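Asker: Here are the chains, one letter per residue:
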Amino acid sequence: MVLAIILVLLVIGSVLFHFLSPWYLTPIASNWGFIDDTLTITFIVCGFVFVVINLFLAYCVYRFRYSKDRRAEYEPENKRLEWWLTAFTTVGVVAMLAPGLFVWAKYVDVPEEASLVEAVGKQWSWSYRYPGEDGILGTVDVRHIDAKNPFGMNPDDPNGQDDVLVSGSEFHLPLGDPVKVLLRSKDVLHDFYVPQIRAKMDLVPGMITYFWFTPTLAGTYDVLCAELCGSGHYNMRSRMVLEDEADFRAWLATQPTFADTQTVQVATVSGSPEEQGRQIAESQGCMGCHSIDGSPGVGPTWKELAGRTEELADGSAVIVDDAYLVESIVAPNATIVAGYPPIMPAYQLDDAQLAALIAYLNSL
Amino acid sequence: MNFRDQLSVKPWVAQRGLVPSSRGFSAATPKVTLGVFLCIASVLFGLFIAAYFIRMGYADWQSIPVPALLWLNTVILIASSIALQWASVSARRENPEGVKLGLYVGGGCTLVFFVGQWLAWQQLQELGYFVYSNPSNGFFYMLTTVHALHLFGGLVAWVRATSRVHRSKEIALSRMILELCAIYWHFLLLVWLVLFGLLLAT
Amino acid sequence: MAITDVAHDAVDYVRPAEVAEEELYHPKTWLGKYVFSQDAKIIALQYSMTAMAVGLIALVLSVLMRLQLGFPGVFSFITPDAYIQFVTMHGMIMVIYLLTALFLGGFGNYLIPLMVGARDMVFPYVNMISYWIYLFAVILLLASFFVPGGPTGAGWTLYPPQTILPGTPGADWGILLMLVSLAFFVIGFTMGGLNYVVTVLQARTRGMTLMRMPLTVWGIFTATVLALFAFPALFVAAIMMTLDSVIGTSFFMPAIVSMGQTLDYSGGSPVLFQHLFWFFGHPEVYIVALPAFGIISELISVHARKNIFGYRLMVWAIVVIGGLSFIVWAHHMYVSGMNPYFGFFFATTTLIIAVPTAIKVYNWVLTLWRGNIKLTVPMLFAIGFVFTFINGGLTGIFLGNVIVDVPLSDTYFVVAHFHMVMAVSPVLAVFGAVYHWYPKITGRMLHEGMGKFHFWVTFVGLYCIYYPMHYLGIMGVPRRYYANEGSTGLPDWIPESAQVLNAGISIAAIVVASVQLVFLYNLAVSTTRGKRAGDNPWGATTLEWQTSTTPPTHGNFGKELPSVYRWAYDYSVPGAKDDFIPQNVPAGQETGDAR
Ligand code: HEM
Ligand SMILES: [Cu+2]
Ligand SMILES: [Cu+2]
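Chains as they are written, first to last, in the working numbering: chain V, 1 to 364; chain Z, 1 to 202; chain D, 1 to 595.
Derived by calculation from the structure, the hints in this document are not laboratory data.
Please read these numbers as outputs of a predicted model, since none were measured by experiment.
Any given hint could be a false lead.
When the alpha-carbon atoms are kept at most 35 Å apart in a straight line, the in silico DSBU-like pairs for lysine-lysine are as follows [what the hints assert, rightly or not]: (1) D:577 - Z:10; (2) D:559 - D:531; (3) D:452 - D:374; (4) D:577 - V:79; (5) V:79 - V:68; (6) D:577 - D:33; (7) V:68 - D:452; (8) V:68 - D:531; (9) D:559 - Z:10; (10) D:374 - V:79; (11) D:577 - Z:31; (12) V:79 - Z:100; (13) D:559 - D:28; (14) D:559 - Z:169; (15) D:28 - Z:169; (16) V:303 - V:148; (17) D:28 - V:68; (18) Z:10 - D:374; (19) V:68 - Z:169; (20) D:33 - Z:31; (21) D:374 - V:68; (22) Z:31 - Z:169; (23) D:452 - D:577; (24) Z:31 - D:559; (25) D:577 - Z:169; (26) D:452 - D:531; (27) Z:10 - Z:100; (28) D:577 - D:374.
Bound conformation, chain V alone (with noise of 0.2 Å):
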């Protein structure tokens, strides 16, 4: 009895939290309102499904509950019986199927016309990459990554020279037109997660990814990165700005080209030293493991660490100046923070970035 009325309340009680539940699909801001439709026929169907075999199961704890005076029915088979359950079933699974793979289908069809945006990941920051004017990316590869060339284009490629190459925190897209969002990794697996757009997948090292969208609704949206990657895998953010043509190529403009990083010193960054450091701060990545707010990170907090003494892994201690920060910094392992693990990269920067940098740490 008891049973019977918890397996029921349970049912009722799962339901009604799909209804009221405050947690269900983000608004969607991409093309792909039939993925939408594709989950809400597989839920019609299995709540069915869950629904009514649960209460059957309550009702049978219930009505068949032990009696000694009664002995159970004796029927080993009913052919007829099961052969209308699994015609059954196998329409329910068709009719959630058929619509599934018809999306599929749509999924990895690349429209002709889809603009293309490079998605590029390491570990743990991301940063991105447009055609440029000729609409051809130049061909890439790992050998030409250095700190200079982050993204490692090939240097005689032509069609490299004008894409434009954006190490921030943000990138954008224009509304209404389908693109084709290419994924590349540097280091281990990541993907490229919004969840507003529905879409996804991996970046797999040693190989481009793709899958494509038509961004529907403007707006500022977090990407994520949905496969784990080590320390920092919930760290590695960024983000998307979905906006209208011309805001977009007005933004797109004020990006530098592979040529001009490569020639002139650009003065990517502007502002105050300690703002031009946080600008800094953020297109090299730190973020991923250094939090600003006291927050644990993969790495020790950026938060009142100037005059902070630090532990070492060695036993010994340090107080913190300039000149450790800078050695933090070009030469990370030199010395390790008791507790933290030896993976921060070394960063090769000129003296005026370190400087704009130890301005921004000591700020903080």
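Dock chains Z and D with the ligands against chain V, hints included.
Answerer: Just chains Z and D with the ligands now, kept in the frame of chain V:
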């Protein structure tokens, strides 16, 4: 009753009462066990080979030269297989001398095969084909090692067989283990031929 | 045992079992009897206790993870690294070292020989070795907590390249220990598994035809076959990854710039690893599920006093599910960057599996229909299983249907789904099975009051943990996240209320975890203080309940092996005196005394 009949009965009505035998296979249990094990080993090698083919599809693959010595090793392995078959047949014919001869030749050839494989490794390394130089090299060393380890496991059974042949006067008692050894060697020979063919063909 | 060739074609004489009692190895010393025992029943207990001990560790790890998720930042010793290490070890231990070992090594060893009417496994010595190798694998695994860098934090899927690169905790020692431990587990398991399979094939007692076998045996048998064929894939992947890590081959490793350093790897394929892993990983789900299916069929039939409905279809469903489980693996890889056209194939095969699976559920429920249901503790767990399994099975359809998986993959929807099917459901089956067979193993009943308390908190608690979790996933919260708040703050689509829900889930998890102590207490105390059970307390038909002594002694069945005259589900047969007829009662004697 065979499998199919067993599976199609209505268990609650048909055949109430005692049915004579319920063994799955009429073969002796150790043989069935070996059979199942060989299936597992086949899956293992099959998966290695599948991985080999998939990895081969990538641009950096460069075939490894096959040392001529491997031909000789193949012949030696064939010889050991034949010798063990001989031992098994001799046991059925109650011929202790033949059993011993087969066992010793078979075991000896297997040891020679190990040495041969090792020499082939040396040759390749002298030519600069190290495990890590190219995935094809990696596969070569890995597959030969896994194969050799299986053979080595066979040698454990071989030692038991030899000691049993020596201990008991009745050769019939060793019949089963000799037969198992022979089957196992044939299987590993087959695996080797497949692997060798794979190396030659790619 | 002696390897002899016996003539088997003599129809009038059938050797009852491969191992006659006089051939069994009889231990003389205490050590030989309880430690280096070759008796499958003792080995079963060794397997079970070891598995439960590591399982407890994994449970503690899950509580630690829940503490972090429910109350982020409060427990400062849980760093981002520690968190993913917990995730990894928890997942790996639960799936492999607890459930696989418990269902096959534990229940398999105990139940197969008893249920098919054999004296022991066909190769008792190999069986013993299998356990010791398993124990060694467990020790290696636990050792990784104490090496520099700690255990690996690569996720239980161990995807390269990150698994062996410095950005992941435990990338040098932890991962090696994990890989070596897995390799040993596979070797040990293969020894045990050969035994289970061959025992079922060859050592059934007289009259125990395949279609008279209890479904428990069918489930464990099929799961073992799956495991024997699936584990080699893990083994291959582990070897190749070890070589990549230690020697520097490039099987799985492409050209990489890791932490600013260009590495020597080039050309390898991380996706190849994923194929190998899931070729093992998907059948692994069924390695855990099929024994649970079998056990649940048994429990439902016994305690509903009714024959299992559609026995033959149940057997076929088990076999078909087992077979199909080898051609669905890439449904774990829809967004992995593999050729997208594979999606069509794998979505179809995956949804086809839904049909036999649904049949199993229907038949359980139809067995209850017009039954005479005793709500004993094992039955409570069995019905709990059916309920949670329906839920988990249905969410599997979401994830199998390729396009629906795209937004849901790698979110908490996945975490909730696989816990519902391969954590909650099998664990409920394990509990049910323990309450059911404990009387046979110890001769005493478990305390019923404690059992019911244990059931209610565990069942309702687990449902409350995992059901709401699906909705976090639908909203988009990614899995394997140390915290939702990152350098860009909390994503604006995650409302504050989500944190409240997380805290609630964590509290439920802590409650459920603590209640397991009641269970352990019950297990311990009942060995001496439980009610005496007698030989057949539930009135069950299968052979293990027909032994002359409880617990069964060495050799299981005394002087003579039982002969089997009927299938395992003769409950409430019209005209029979009792509402059950044991399998060893000859036709025509049903009306007399059942034993
Ligand atoms: C009280 C019981 C349990 C609780 C509270 C629990 C909790 C958790 C949590 C919090 C995670 C990490 C989620 C994430 O960050 O993505 C997790 C992962 C996991 N759990 Fe459990 N779990 C429990 C029981 C089990 C059982 C019995 C199994 C056996 C199948 C299991 C298998 C897994 C697996 C395979 C993972 C994934 C590991 C990975 O992502 O690498 N869990 N669990
Ligand atoms: Cu990532
Ligand atoms: Cu799967």
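Asker: Now tell me, hint by hint, if it's right for this structure.
Answerer: Hints versus structure:
1. D:577 - Z:10: 23 Å, holds
2. D:559 - D:531: With Cα atoms ~28 Å apart, residue 559 (chain D) and residue 531 (chain D) stay inside 35 Å; holds.
3. D:452 - D:374: 13 Å, holds
4. D:577 - V:79: 28 Å, holds
5. V:79 - V:68: Since the Cα atoms of residue 79 (chain V) and residue 68 (chain V) sit roughly 30 Å apart, the hinted pair holds (cutoff 35 Å).
6. D:577 - D:33: Given pair residue 577 (chain D), residue 33 (chain D) is violated - Cα atoms ~41 Å apart, limit 35 Å.
7. V:68 - D:452: 22 Å, holds
8. V:68 - D:531: 22 Å, holds
9. D:559 - Z:10: Holds. Residue 559 (chain D) to residue 10 (chain Z) sits at ~31 Å (cutoff 35 Å).
10. D:374 - V:79: Given that 35 Å is the threshold and the Cα spacing comes to 27 Å, the pair holds.
11. D:577 - Z:31: Violated. Residue 577 (chain D) to residue 31 (chain Z) sits at ~44 Å, over the 35 Å cutoff.
12. V:79 - Z:100: Violated, at about 61 Å.
13. D:559 - D:28: The given pair, whose Cα atoms are some 20 Å apart, holds under the 35 Å limit.
14. D:559 - Z:169: Distance ~32 Å between residue 559 (chain D) and residue 169 (chain Z) Cα, so the pair holds.
15. D:28 - Z:169: The given pair, whose Cα atoms are some 29 Å apart, holds under the 35 Å limit.
16. V:303 - V:148: Within the cut-off at roughly 29 Å; holds.
17. D:28 - V:68: 48 Å, violated
18. Z:10 - D:374: 27 Å, holds
19. V:68 - Z:169: 66 Å, violated
20. D:33 - Z:31: 29 Å, holds
21. D:374 - V:68: Roughly 10 Å separates the two Cα atoms, so the pair holds.
22. Z:31 - Z:169: 23 Å, holds
23. D:452 - D:577: With a Cα-Cα distance of about 31 Å, the restraint between residue 452 (chain D) and residue 577 (chain D) holds, given a limit of 35 Å.
24. Z:31 - D:559: Distance ~28 Å between residue 31 (chain Z) and residue 559 (chain D) Cα, so the pair holds.
25. D:577 - Z:169: Roughly 58 Å separates the two Cα atoms, so the pair is violated.
26. D:452 - D:531: 16 Å, holds
27. Z:10 - Z:100: Status violated; Cα separation ~52 Å.
28. D:577 - D:374: This hinted pair holds, its Cα atoms lying about 19 Å apart.
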